[in-house]
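Undergrad: Respectively, the protein sequence lines represent chains V and X. Residue 1 is where the first sequence starts when you use our numbering, and the numbers rise one by one after that. Residue 346 is where the second sequence starts when you use our numbering, and the numbers rise one by one after that.
Hints may be right or wrong, so weigh each one.
[Said to hold, decoys possible] With beta-carbon atoms standing in for the labels, derived distance ranges:
1. X:E627 to V:G86: 43 to 49 Å
2. V:A34 to X:G497: 29 to 35 Å
3. V:Q323 to X:E529: 56 to 62 Å
No lab work stands behind these hints, which were simulated from the structure alone. Here a beta-carbon is modelled for each residue, glycine too, at the ideal position from N, C-alpha and C.
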Amino acid sequence: MTEARSDSAVTATRTIKYREALNEALREEMRRDASVFLMGEGIAERGGSFRVTEGLLAEFGPWRVLDTPISEASFTGAGVGAAIVGMRPVVEVLFVDFLLLAMDQLVNQAAKFRFFACGERGVPLVVRTQGGAGNGLAAQHSQSLEALFYHIPGLQVVVPSTPFDAKGLLKSAIRSDDPVIFLEHKLLYQTEGPVPPEEYAIPLGVGEVRRAGSDVTLIAWSNMVPRSLAAAEQLAQEGISAEVVDPRTLVPLDRQLIVDSVRKTGRALVVQEAVRRGGVASDLSSIIVEEAFEALKAPVRILAGKDTPIPFNLKLERASVPQVEDIVAAVRALAREEGGRPCHS
Amino acid sequence: METLREAQLRRFFREVYMIRAFETRCIKLYRRGLIKGYFHPYLGEEAIAVGVCAALSERDYIVSTHRGHGHCIARGADLGRMVAELLGREDGYCGGRGGSMHIADFARGNLGANGIVGGGIPIGVGAALASRIRGEDRVAAIFFSDGAANNGVFAESLNLAAIWDLPALFVLENNQYAVSTPIEQVSRDPDLHKRGAAFGVESCRVDGNDVVAVYLSAQEAVATCRRGAGPVLMEAKTFRHMGHHVNDPGLYMPQDRVEYYRARDPVDVAARYLRESAGTTEDELSRIKSEVDAEIEAAVAFAEASPEPRALSCQTGAVR
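Chain V with its partners taken away, still in its complex shape (with noise of 0.2 Å):
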């Protein structure tokens, strides 16, 4: 197996969708090994809302790839138990606003094993749910709760932002003897990107510069990483070289990465879909003062979701959530600001 770190890096063949790179990843995995099997709702006879699962039940069987009632809890939970008897499950459940009916499962019981078990046994879990705003779902259909999990010790989180990721860190988050958070965005699912045919896997906690730069960094993970790609080549019309950082695991994280980026540049601007408020992102930037403060050029700044609810209307939704407009504005608002600390010179 090749252990591919970035997708420049690879000679690619071919372009597929984020979704049919999850179900590559599925499908190599399930013939790889067969105590990996899939539970969720509407997976199997309809191959899923995002069609991530399709034809997998024709392959496999009906009791790899299991259609579930609607059951959060318990199907979740009946993840955790199947893991911890040897089974690697991956679990979908259809909006990350729904995994919060199986916190208890997932927070209280998964995350605790391993410790509870003195390192004996872990729960090889994976649960695969999707966020974020922008189809105008409303408040209970478009969240981005990473931080739920990110607080919670024994939980990895992993949030891809290009096929090529989403199909690498699937693999490795199938392989893991531990949980797995595994959040795609729903923006993502029909967005292409190169993806070679050959096996690899994307070892957890190793992050990607999406972009080189010397001005300013940006760090941001799943549909923020297009965002600030974007208005990165906008900020280079300008004159303003901002280098992007996608953590694409952000429990493990690749700390090294996103501190050596910003001793690089000197200015930070975290990039965050989620409400600011107990976000990521504040734990990212007080990762970066404490790590990097010397070479600190302009506070570390963040771009966050509005502390609301999702609106329903669009207008309102693209209002709550940063848009390249708002990266583009922020970057260029820290690139003029001075006084991280006085001027060496």
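Given chain V, work out where chain X should sit, using these hints.
TA: What follows is chain X alone, placed relative to chain V:
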């Protein structure tokens, strides 16, 4: 009853008494301040764990509850490691990191106690599902309480097990109190096994203080599960001898009911079987008790000699 051999009745008595003696001895340690935190005694319910576990094979799974010492012992746990865990020592089942409510014993198919009421139910269903997917004949016995029966995961999990015909034995230990709230106050019909029928699940009710009755029912239920006709819901009616935990005097429990169930003490019932069906003498019963007492003293001595845990040396494993 005649079909049960003396050795089996002897084993039942020994195990029921062992749980009784273990809890009684550990409550003394608690009173001396050596055990901290929460301790939910299984006193009065011993026959359920013993009867059910006797009907299981070594390869089967159990999931337990916050009131889990009895399940653990009935599954053959190492008493020394159990006491060490209660004392928070390095040699405990969780290396002192879990305590009373989190002991698991994988070597004996015990997937763990649980601090969350109802939290173990879906986990047991998952173990049964794994057995089904792999084409094995392992059964998962899921211990839970009347309190958990009013949590949503009970209904969800019973339904999941039902639609997939899972080899899951739902053992509803109805001790008639959810912490301090009597079952009549929170369930219109306190005969909780009736809920099984609504899910198309074979259900039964048994005297939870009678180890032989529990065993015979469980044996039938396990056989049903093993031949792929599960799940089964078994309600075992019982009563606590104490409040919810060792510091709860249980003053809300009416004296007449306490007396009623004490007159049906599971240890006495198990002893009566031995006396009446096997002609076992009081001397022999005393000898069994002394043997068990000695085992428990040895376990306490082992645990007290065990070191305190090394500082957080047993973190969350691979997850940083």
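Undergrad: So does E627 of chain X sit 43 to 49 Å from G86 of chain V, Cβ to Cβ?
TA: 48 Å, holds
Undergrad: With 29 to 35 Å as the target window, see if A34 of chain V and G497 of chain X comply at their CB atoms.
TA: 32 Å, holds
Undergrad: Does the Cβ distance between Q323 of chain V and E529 of chain X fall inside 56 to 62 Å?
TA: Since the Cβ atoms of Q323 of chain V and E529 of chain X sit about 58 Å apart, the hinted range of 56 to 62 Å holds.
Violated hints for the displayed structure: none, as all numbered hints are satisfied.
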